[in-house]
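Novice: The residues making up each chain are set out below.
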Amino acid sequence: MQLIVNIIISFLMYALLSTSISIIYQTTRFFHIAHAIIITFGAYFAYLLLNQLNLYISILFSVIFSTIIGILTYLFIYKPLIKKKIRSWHMLIASLGIYIILQNLISMIFGDNTKNFRTWKLKEGYNIINAYITDVQIISTIVCMSLLGLSWLFIEKTNIGKKINAVTSNPNLSNVFGISTNKAILYSFIWGSALASVAGILIAADTDITPTMGFNWLLYAVIAMIIGGMGKIRYLLMGTLLLATAQHLSAYFLDSKWMNATAYIILTVFLCFRPYGFSGKKLKKAEL
Amino acid sequence: MDYILHIAILICIYTILSQSLSIVAGYSGQLSLAHAGFYGIGAYTTALLSVNFGISFFITLPLAMLLSGIIAFIVSKIAVKTVDDYYIIITLGIQVVIFSILNNWQELTRGPLGIPAIPSIKIFGFAFDSKMSFLLLSVFYVTIIWYLINNFVKSPFGRILRALSEDEIFVKSLGKDVYQAKIISFTISGMIASIAGVLYAHYISYIDPTSFTVDESIFILSIVIIGGMRNLKTIFLATVFLVLLPEALRFVGMPSNIAANMRQIIYGIALVLVIFQYGNTKN
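Chains A and B, in that order, give the protein sequences.
The numbers in the working numbering rise by one with no breaks, and the one at position 149 of the first sequence is 167.
The numbers in the working numbering rise by one with no breaks, and the one at position 33 of the second sequence is 42.
Quick caveat, the hints were computed from the structure, so don't treat them as lab data.
There are no misleading hints in this set.
Facing chain A, according to a computed beta carbon distance under 10 Å, are these residues of chain B, among others:
1) K86
2) A88
3) I97
4) I98
5) I99
6) L230
7) I234
8) I267
9) A269
10) M271
11) L280
12) V281
13) L282
Heads up, incomplete: computed chain B residues facing chain A, CB under 7 Å, no partners named:
14) V105
15) V106
16) S109
17) N270
18) Q273
What follows is a set of in silico ranges between Cβ atoms, one per label pair, in the way DEER data are often shown:
19) F291(A) - I64(B): 38 to 44 Å
20) V148(B) - L191(A): 54 to 60 Å
21) R259(B) - Q20(A): 47 to 53 Å
22) F291(A) - F67(B): 40 to 46 Å
23) F94(A) - R259(B): 29 to 35 Å
24) F149(B) - C290(A): 36 to 42 Å
25) K175(A) - S164(B): 57 to 63 Å
26) Y270(A) - K242(B): 50 to 56 Å
27) D176(B) - F94(A): 29 to 35 Å
28) A136(B) - D130(A): 36 to 42 Å
Please read all numbers here as calculations on a predicted model, not as lab measurements.
C-beta atoms are modelled at their ideal positions from N, C-alpha and C, and glycine is treated no differently.
Throw the hints in and build the complete structure from the sequences for me.
Specialist: Rendered as structure tokens:
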């Protein structure tokens with residue numbers, strides 16, 4: 019029972035993160051590694067602000083600040099690079115560079131030691147049918163579900179979401195129809211960064227804050243995205259569900275230290291036998 | 010003096026690593042983030058064999074190369090199915106798997122405790138235990154490997170690699186086996202990386218998994234990118250620069266905790282600038 023609860027909690031967290039990264043990936047077609055730092059920034063801003071302000075305002079501001087950082091990386095680094103039409107792995111390397119710079123800035127400012135902003139007492143979770151679940155986990159489950167619902171509405175129903183979809187499927191054609199690629203990418207960066215920073219705050223509330231915390235989570239999200247494949251959100255959910263289940267099964271039957279390796283072994287198997295993920299939509303990444 | 014020799018030995022080891030990665034990243038156009046994994050495989054093979062069974066360096070070196078080559082062969086068989094950024098992600102995954110095997114298979118590798126007391130290299134009764142002699146040995150290896158790689162990339166096979174990094178489909182149309190070329194280059198590069206691992210293990214005499222993390226892979230890849238991907242000489246210069254950088258920062262008088270971060274920031278900035286520059290030269 020505990021196993022199922024754990025799977026659901028991490029499934030929702032992965033789903034939130036991989037939605038946030040995939041919305042950026044779909045419009046820009048490169049892996050935005052620096053997204054990991056947005057997750058970390060969310061947590062650190064919340065850590066800073068929670069001492070001064072009350073809970074809701076500080077969460078709001080930390081989401082806004084981290085989103086601004088996401089926008090700035092796009093405007094000052096990616097936008098000029100995209101104009102030069104270089105290959106996607108160059109973008110990935112540039113993004114890795116940004117990640118290294120920002121992550122070390124955080125380490126310099128806050129130090130490498132683990133922090134947490136729990137002002138409340140740690141207490142034993144509620145016992146629901148033989149499974150323990152803490153307050154924070156309940157809150158994060160609810161927040162994740164509502165944000166997933168919101169982002170589905172945002173992409174499928176709103177005008178901006180439709181523009182993003184158009185750019186995803188064919189940037190040139192959508193330019194012809196007067197949809198600005200730049201604006202669509204900008205919107206996707208705003209939405210993706212906001213989701214990521216919320217996820218960062220939730221992760222920080224549940225566990226600890228370190229300067230490198232975002233990277234692992236981002237990689238899980240990327241794996242889930244690759245397994246799921248491009249296209250609809252439901253494929254993404256299938257991918258994240260598979261990843262979360264496999265990780266927790268391996269933690270249950272082997273040891274929690276193998277969770278990392280399990281994730282990558284699944285990725286490898288998928289890229290070997292089903293390189294386009296569940297959705298099967300081709301993106302010209304695995305071919306020849 | 011010992012300190013300068015230490016730095017020089019490190020430069021030698023990183024030169025081997027980055028030049029071997031250049032075969033994969035620069036010549037066949039596949040950016041691998043699994044290089045520290047092969048480095049680690051080399052180090053661990055020689056450490057385990059020489060500590061547990063007292064086998065000499067002459068046997069452990071080929072064994073390490075063989076093991077690393079086999080693993081690199083399997084890895085490239087899988088990774089070759091993907092291109093561009095998916096390739097980076099999958100090699101990153103393989104790096105993490107290798108690291109977690111080194112870190113978690115405690116019965117074999119002693120996990121985070123590491124392997125202490127690795128004996129120094131003995132050749133015909135002469136022990137390379139002083140820093141000076143070890144430096145000479147590593148310079149010897151660097152020279153041989155530099156020469157071999159230089160000849161390798163100028164051979165007909167090297168020209169195929171260079172061509173396929175420019176235009177894969179065109180090379181295929183000329184009837185060259187692109188898959189095979191990629192796999193061979195990756196395997197060779199993995200084997201050479203394990204030599205660096207063997208040297209490192211015997212030199213430091215204590216290894217633990219933290220020397221073979223993803224960060225290490227990123228560091229080696231940054232050397233290659235900053236060094237211009239293909240040019241062995243500039244890659245060597247980039248290695249000297251990036252290995253000396255933390256020492257230079259300490260020399261300036263920066264406290265060590267900031268210097269470590271500053272070094273990373275500098276090479277992060279260098280990466281971004283190189284990519285910008287790449288975009289400029291292309292158009």
